[in-house]
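Participant: Next come the chains, spelled out residue by residue.
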Amino acid sequence: MIALHGVTKVYRMGEVDVRALNGIDLQIARGDYVGVMGPSGSGKTTLMEILGCLSRPTTGTLEIDGRRVDQLDDVGLATLRGERIGFVFQTFNLLPRLTAVENVELPMLYRRTPRGQRRARALELLARVGLTSRATHRPSELSGGERQRIAIARALVNHPSVVLADEPTGNLDTATGDSIMSLIEDLHRDGQTVVLVTHDPRIAARVSRAVYLRDGVVERDHRTGQRPVPP
Amino acid sequence: MLLEIVRQALYTMRLHRRWAALTVFGIVWGTASVVLLVGWGVGAHQMTDRGLQKVGKNLVYIMAGRVGADLSPADERRVLHLEMDDVAAVRASARRVEVASAEVLHFTLARYGAASRMTDVRGIEPAMQELRGVTLAAGRFISADDVRFQRRVAVIGQTARQRLLGSRPAVGQRIDLNGLSFEVIGLLSRVGTQLSRNRTETDEQVWIPLTTAQTLADRGNHIDLILARPSDRRFNEELKREVRTILARRLHVSPADEEAVFIISLIDMLSGFDSVFAFLNVFLIVLATTTLFIGGIGVMNMMLVSVNERRREIGLRLAVGARRRDVVGQFLAETLVITLVGGVTGIALGLLGCAVLGLLQGDLVPVPVIVPQVVVLALVVTMVVGVISGLGPACRAAGIDPSETLRVE
Numbered sequence: 001m002i003a004l005h006g007v008t009k010v011y012r013m014g015e016v017d018v019r020a021l022n023g024i025d026l027q028i029a030r031g032d033y034v035g036v037m038g039p040s041g042s043g044k045t046t047l048m049e050i051l052g053c054l055s056r057p058t059t060g061t062l063e064i065d066g067r068r069v070d071q072l073d074d075v076g077l078a079t080l081r082g083e084r085i086g087f088v089f090q091t092f093n094l095l096p097r098l099t100a101v102e103n104v105e106l107p108m109l110y111r112r113t114p115r116g117q118r119r120a121r122a123l124e125l126l127a128r129v130g131l132t133s134r135a136t137h138r139p140s141e142l143s144g145g146e147r148q149r150i151a152i153a154r155a156l157v158n159h160p161s162v163v164l165a166d167e168p169t170g171n172l173d174t175a176t177g178d179s180i181m182s183l184i185e186d187l188h189r190d191g192q193t194v195v196l197v198t199h200d201p202r203i204a205a206r207v208s209r210a211v212y213l214r215d216g217v218v219e220r221d222h223r224t225g226q227r228p229v230p231p
Numbered sequence: 001m002l003l004e005i006v007r008q009a010l011y012t013m014r015l016h017r018r019w020a021a022l023t024v025f026g027i028v029w030g031t032a033s034v035v036l037l038v039g040w041g042v043g044a045h046q047m048t049d050r051g052l053q054k055v056g057k058n059l060v061y062i063m064a065g066r067v068g069a070d071l072s073p074a075d076e077r078r079v080l081h082l083e084m085d086d087v088a089a090v091r092a093s094a095r096r097v098e099v100a101s102a103e104v105l106h107f108t109l110a111r112y113g114a115a116s117r118m119t120d121v122r123g124i125e126p127a128m129q130e131l132r133g134v135t136l137a138a139g140r141f142i143s144a145d146d147v148r149f150q151r152r153v154a155v156i157g158q159t160a161r162q163r164l165l166g167s168r169p170a171v172g173q174r175i176d177l178n179g180l181s182f183e184v185i186g187l188l189s190r191v192g193t194q195l196s197r198n199r200t201e202t203d204e205q206v207w208i209p210l211t212t213a214q215t216l217a218d219r220g221n222h223i224d225l226i227l228a229r230p231s232d233r234r235f236n237e238e239l240k241r242e243v244r245t246i247l248a249r250r251l252h253v254s255p256a257d258e259e260a261v262f263i264i265s266l267i268d269m270l271s272g273f274d275s276v277f278a279f280l281n282v283f284l285i286v287l288a289t290t291t292l293f294i295g296g297i298g299v300m301n302m303m304l305v306s307v308n309e310r311r312r313e314i315g316l317r318l319a320v321g322a323r324r325r326d327v328v329g330q331f332l333a334e335t336l337v338i339t340l341v342g343g344v345t346g347i348a349l350g351l352l353g354c355a356v357l358g359l360l361q362g363d364l365v366p367v368p369v370i371v372p373q374v375v376v377l378a379l380v381v382t383m384v385v386g387v388i389s390g391l392g393p394a395c396r397a398a399g400i401d402p403s404e405t406l407r408v409e
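From first to last, the protein sequence lines are chains A and B. Numbering of the first sequence is given in the numbering used here, commencing with residue 1 and proceeding in unit increments. Numbering of the second sequence is given in the numbering used here, commencing with residue 1 and proceeding in unit increments.
There may be inaccurate statements among the hints.
[Said to hold, decoys possible] A few chain A residues facing chain B, derived, Cβ under 8 Å:
#1 Leu-54
#2 Arg-56
#3 Thr-58
#4 Val-217
[Said to hold, decoys possible] Simulated restraints on C-beta separations:
#5 A/Asp-17 to B/Val-282: 13 to 23 Å
#6 B/Leu-15 to A/Ala-205: 58 to 68 Å
#7 B/Leu-391 to A/Ala-204: 19 to 29 Å
#8 B/Leu-15 to A/Ala-29: 40 to 50 Å
If you're looking for bench data, these hints aren't it; they were derived computationally from the structure. Glycine included, C-beta positions come from ideal geometry on N, C-alpha and C.
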């Protein structure tokens, strides 16, 4: 349900054109659990930006749920992001002055969801990630693992088509990282499409499908035959 | 959402505490000064009006001089004088004259016992009480009968009483005016300092019946002055024209001759002051608005820095579905809240200042007046400044690339 055809992304850096993506063809099916790997400079982050509708491809097409989205205007992209994409970042990116539940509500604010509905859905998701007791805490009062869980809850709030996670365990210790990966795999088992970027081989070993990028193109794309380990 | 914005705005200010204090101070100063200074100006204007009107509300003085505007030297020109019949004519024919009365001026020696003093004595008619807006502290005023019978009775002002009688009760005493004995029948209430006066303050004068004064001063049936009043300030010009026409005809002079018929209208003086104060108001408002805008520049700079510091936050908001206009709105609102905090504080301080200064007493001390329009203006300008100052930062915020959030510092 996500399809990229011939996608390139060229940045102008001073006098030089940088080809971050040099022709990507990729299909992601519903329910896929994909890991995107590659050395630094391979275009992983740029690919996530394109998938997440944070920037438009220079050439090529992007389809999400059957709709062409590469030529949408800014408002269109923003709406799309709010409705279809859930982001999970390495640095969590929670708003420090909002409480946990308010952070989870944020995407709904921009969709003009009525307050009662917002609060209910946010609490539902906090329960899903096991953090109901932390609803009124601020991020500074939470551990790294807890913050990432809040971020995951936030990503799920609008029933996204895909959750895009950029090094979700990058800022966490091994044990916490493992519990976050378990949570993500839980979501996958429930049918959520997940695309994750990582350079950690241990994480890479857990995904169902591995896509390797090098120099802006897909070098390798195979099913690992891996079934996520039940908790 | 609004509460969140207010909270965020206060947080931004706390974060840049000193900077915020300095820039918001500009706004506080601008609004406080405009409320206080304009209020003070209006108070001063009202005080001036009151002071001017203490001689009598909306008075017009009418006198006869010499025939003017011909080529002969001044002292050879025919001297003119007014008479009681002229007053009657003005009363009868000038439609805009509500009240008119005659006055005779006689500066003479007043004596009581050992105390004696050259005093401004006025021959008046009963209408003078109303024209001059005086009230009696004791006794009664000059009556029509007093005038008809040329009685030797007097009404004196507080200062005159103090000087001649000390603190003795005035009514019933006998004083000497120009060697003749007069009975004091009334004492005027204190009028106070007057901004315009007819040679002396009312409090210093002694008023006697017109006819008595004419005899005392050997004037025959001449009078020195007609005082008149229109029913409303806006009839001022018409009244002057009518009086001039009527008197010019009676005196056989040209109505255009301003040396022959001499008219001084208090209302013209008031209008003169009106212009001065209007200009002052405009000046103060322009000054205060300038200060407000300068404060706004400071707020804008502070917000630009804040936007820069919050790049990731903005990127994140965009990533979760905020449109650029949502981000613009957020920062615009935040700037507006900051400027309003300053504006409202300043207005409150200005109002406080007005109230505190209002406790000062004194005839010639202007008391600041709270002018609601100025408060509203201050608020509106503050908001305009807030919006204008917020546009720069808001546009900068909207220009942030959402992919900022994916970059790890």
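Participant: Going by Cβ atoms only, is A/Thr-58 closer than 8 Å to chain B?
Facilitator: violated (14 Å)
Participant: A range of 58 to 68 Å was offered for this pair. Does it hold for the Cβ distance of B/Leu-15 and A/Ala-205?
Facilitator: violated (44 Å)
Participant: Against chain B, with CB atoms and a cut of 8 Å, does the hint on A/Val-217 hold up?
Facilitator: violated (20 Å)
Participant: Range first: 19 to 29 Å. Now tell me if the beta carbons of B/Leu-391 and A/Ala-204 are that far apart.
Facilitator: violated (47 Å)
Participant: Holds or violated: the 13 to 23 Å window for the beta-carbon distance between A/Asp-17 and B/Val-282?
Facilitator: violated (59 Å)
Participant: With a cut-off of 8 Å on the beta carbons, see whether A/Arg-56 makes it to chain B.
Facilitator: At 11 Å from the nearest chain B Cβ, A/Arg-56 fails the 8 Å test, so the hint is violated.
Participant: Does the Cβ pair B/Leu-15, A/Ala-29 satisfy 40 to 50 Å?
Facilitator: holds (47 Å)
Participant: Does A/Leu-54 pass the interface hint, meaning its C-beta sits closer than 8 Å to a C-beta of chain B?
Facilitator: At about 4 Å, which falls below the 8 Å cut-off, the nearest Cβ of chain B leaves the hint on A/Leu-54 intact, so it holds.
Checked against the numbered hints given earlier, the structure breaks hints 2, 3, 4, 5, 6, 7 and satisfies all the rest.
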